[in-house]
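J.: Knowing the structure of chain B, use the given hints to seat chains D and Y on it.
Here is what each chain is made of, one letter per residue.
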Amino acid sequence: MPNAHNSGHESEGNYGHISVQTYWIVFGSLMVLMVLTVAAWYAQKHFIHLPEIVAVGIALAIAIAKTTLIIYFFMHVKVSSKLTQIFAVSAFVWLMILFVITMGDYMARGWPPQKGPLTQAPAVIAVGEIQSSALAGD
Amino acid sequence: MSTTALINHYATNRATTASAWLKSWLLTVDHKRIAILYLISINVFFLLGGLAASAVRLELVTPQGDLMSADMYNRMFTLHGVIMVFFFLIPGIPSVLGNFLIPLMIGARDLAFPKLNLLSWYLYMGGGIFALCAAVFGGVDTGWTFYTPFSTSYSNSNVVLTIAGAFVMGFSSILTGLNFIITIHKMRAPGLTWFRLPLFIWAHYATSLIQILATPVVAIALLLVMVERIWHVGVFDPAIGGDPVLYQHLFWFYSHPAVYIMILPAMGVISELIATFSRRRIFGYEFVAFSSIAIAILGFLVWGHHMYVSSQSVYSGLVFGFITMLVAIPSAIKVFNWTATLYKGSISYRTPMLYALGFIGLFVIGGLTGIFLSVVAVDIHVTDTYFVVAHFHYVMVGGTMMAYLGGIHYWWPKMTGRMYNEAWGAISALVVFVGFNLTFFPQFVMGYLGMPRRYHVYPQEFQIYHVMSTAGSTILGIGFMIPLVYLLLSLRYGRLAGDNPWNAPGLEWQTNSPPPTFNFETQPIVTEEAYAFQPE
Amino acid sequence: MATTPHEHGYNPALLHHFDTPGQQKEAATLGMWAFLVTEIMLFGGIFLAYMVYRWAYPAIWAAAAPHLNTPLATVNTVVLLVSSLTVALSVHAAEMGNKRQLVTLLLVTILLGATFLGIKFTEYGEKFAHCAGYANPVAWMTGGERLAEAECLVPGANFLFPTEVASAAEGSAAPALVARPGMKTPHQLFFFLYFCATGLHAIHMIVGITVMSVIAWMASRNKFSPTYFTPVEIGGLYWHLIDIIWVFLFPLFYLV
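Residue numbers (my numbering), protein chains in the order written: chain B, 1 to 138; chain D, 1001 to 1536; chain Y, 2001 to 2256.
Keep in mind that the hints were calculated from the coordinates and are not lab data.
Source: prediction; values computed, not measured.
There may be inaccurate statements among the hints.
[Stated by the list, open to error] If you anchor each label on the Cβ, the simulated ranges turn out as follows:
(1) D/I1380 x B/V35: 25 to 33 Å
(2) Y/L2111 x B/V79: 25 to 33 Å
(3) D/G1498 x B/M103: 55 to 63 Å
For every residue, glycine included, the Cβ atom is placed at its ideal position computed from N, Cα and C.
One chain only, chain B, in its complex shape (with noise of 0.2 Å):
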C-alpha cells in the first residue's frame, strides 16, 4: 500500500545483470563479424561478382547484427525495463518512416533528371565532335 516515504518506485533500477564472460563472447562475436564484412567486401571487390544489391545487403546486414549485440548487451537493454526497450525500438522505427517514404518518393519520380543532347556539358570536346554527337542525339 503506497504511502508517502515509499512510492512504489523501489523495485525500480534493478533487472538483471549481465557477466563479464557475456561480454567477452559479445565482444569476440563483434570481431567475427567486423572480419567477415571487411571479408566479404575484398571478395567482392576481386572475386566474386555480386549484384550491388546483394552486397549492400550482406554490409548493412552484419551491421545490424553488430548493432543488436551492441543494444541488448553492452548497453543493457537485454536487463532493462520494457520502456527503455520501447524507447530503443521506436529510434530505428522511426528511421525506418523517414527512410522508406522518402525513398519511395525518389523511386517513384524520374530521378535524377536525365538531360537532353543540348544540355551536355562541353567540357574539352573538339568543334567536330559536339556536331557529331548532337546529330547522334545522345
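T.: Okay, now just chains D and Y, sitting in the frame of chain B:
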C-alpha cells in the same frame, strides 16, 4: 524524508540583495520559476513577431509596393514567420504552462531533470538572440522555410545567423520534450495511473514524443544548409547532382509534426477548460487520450502534403494526401468529445471558457480547410496563395493562440495568486475573436481567387480583402494588448485568488496559489478518476 | 503521511525531487535513451542523403569509395569495438565497487577514443595534403614528397577527381568527365557526405571523450559506489551509440 525536514530543506529564503535576487531567478532550477522566465521571454518574442506582422499588413493595404521595397517585405514576412514559429508557437504552451503545471498535475516536486530545464531556457534565449541579431543586421529573405537552393546559394541575407537561431532553439525543444517524457513516466504520484491523468498531461506527452523524434531531423537539415552556405558546396546543389527537394523532405519531416507540437498542447489546455467550465468529466476520456497519441504518430507520415508542387512524385502525393485525411480523424474525435462534454454540462462563460469555445469553432474551420488542402487537385490551385495562409492562421492563431490565452487566464490565479478583472477578460476575448475573423476570413476568399502569398504588390481587385484583413489585424492586435494591461495590473491590484478559485478537481488546485517551492505540503495520493467533479 | 525522521543523507546522491535511488536511476537511464533517440534521428538525416544519392549514382559511389583509406578505417573499427568492451567492463567494475579497475578501464577507453580521433585526423590530413599537392601530411609539413598525380578530394572550389577512374565509371553523370579544379560532378556529393558524416561523428567522439574524462575524474574522487554509479552507466550508453554510428559509417563509406 520527513515532512518537516522537507519544508526546512526547501524553505525559500527571500533574497536580500539585488544580485542574490537576480541569481535566484537566473540560476533557478524550480520549474515554476523557469515557466515564468519563459512566459516573459515568449511574450516578448510574440510582440516582436507581431510588429513584423503589422509591417506586412500595413504594406498590403495598397496594391502598390509603397511602404517598403520587395526585398524589405521579404525580410519582414520571414522575420514574422521565424519568430512566430520557432520562438512563440513551438515553445509556447509546453514551456510556459507545461513547465509550470506538469509536476503539479502529477503530484511531483519538480520535473525529472531540473537543471536541463534551466538549460532549455538558456538555449531558447541563445537561439532567440541569434535570430534577433540576424534581424538587426538586416534580416533574412528566404521565408521561414529556408528553401534551397535560394537559401544556400543565392540569398544575400543573414541566412546562417537566423538558421543558427532556429538550430539552437531546436535543442531547447528537445530537452524540454525529454524532460516531460521522463517526468510523466517516472514521477507520477502514488495511485496516479495513466488513465487517471489529466488530458493536459496526455497532450504534452504526445507533444514531447514529437519533439524528441522530429526535431533532430530539422537540425541536420539546417546544419547542412549552413555548411553549404559557408563552404559553397553541399548536398542540395543541383550543379553537382544534388537535389534541392531533399532539403524539403528533411525540413518538412520535422515541420509537419511541428505543427502538431503547436496544436496538441493547445488541445490539452482546451480539455481542461471545457471540463472545468462545464463541470463534467471529458466525454470519452480514453478516446481523447489515445487521439493525442494517434495525432502524434500519424503526423509523422504526412509531410509530403507540403510538397505537392515541388516535383515530388504524384504517387507519393496521393499517399500523403490520403494519410493526411486520416490524421484529421483523431482531431475530429476530440472536437466531438468536447462538444459532447458541453451537452448537459453546467456551463459558465468565464474568460477561459470564451477562449475555449472560440478555439473549437475556429479550429474546426482551420482543420477542415486543411482537409481541402490535403486533396492534391485542390492544393495545386491554392498552394502558395492566401488560402494556405488563412488555413494555418486559423489553426495556429484561432487554435493555439486562443488556447494559450485561455490557459494563461485559467491558471493565472494558480501561478500568481491573483485574479484578473473578469469583465476586461471577456471583452478582450471577444475583441480577439472578432479581430481574428476579420483578419483571416477574407484571406480564404482572396486566396481562392488567386492572391499569391509572399507578394507585396497585387492586382487591384484584391485590395478590398487586404483592407479588411489589415483592419482586422489592428483589432486583433488591440485584443492581444488588453490582457497585457489587466494581467499585469492584477499582480498588484487583483483580488487574492485562493487555492481553487474555479472549484476544479486536479492536483494543481490542491495546493497553494502560488504553490510553495516543493509544490505540495505532503505527498498527494490519488484515489479518484480525473475530472472527478463533486455533484452540486 | 510518513513522519518518522529519516537520515537525510542516507544516500547523498539522491536528488530531492526523487523518492528513491532506483527511481532516480531509471529516470536517468530513460533520459539518456531519449537523448540517444535524438542522436539516431540526427544521423538519420545524413544517412538519408547518403541513401538517396547512392541509389541515384551507384557508379559514382563505386568509383569514389576506393579513394578512402579503408585499412586505416578498419583499424579504427577495431579500436572502437575494443573501447565498447572496455566501457561495458567499466560499468561492471563500478557495479562491483572496484574503483581501481573502473578508473583504469575508463582511462583505456579515453585512450582508445583519442586513438580513433588521431587516426581520423590522419585520414583527413591525408586528404588535405593531397589537395595541397603532397603525398601525405608529414610530407606536407616538411615540404617533402609531392603527389604523383593531381588529386583533391575535399569538396569545394579545388575539387579534382582523377579522370581515368572517372571516365571508366559507366553511368556517371557526365560521360566526358574532365578533371579540372572545382569540377561539378556527383563525386563531390560522396566526399561531402563522407566529411559531414565522419566529421559529425568525430565531434560526437570529442564530446564522448570529454564526458568520459569527467566521469573518470569523478570515479577517482570516490564519487561512485555499488549503489550509485549512474553517470558511468549513462556515459557508457552514449559511448556505445558513438560506436554504433561508426558500425554503420564503416561499411557504407569504406566498403562500397
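J.: All the hints need checking, so say for each whether the structure fits it.
T.: To see whether the hints hold, each was checked on the structure:
no.: 1; hint: D/I1380 x B/V35: 25 to 33 Å; verdict: violated, 54 Å
no.: 2; hint: Y/L2111 x B/V79: 25 to 33 Å; verdict: holds, 28 Å
no.: 3; hint: D/G1498 x B/M103: 55 to 63 Å; verdict: holds, 59 Å
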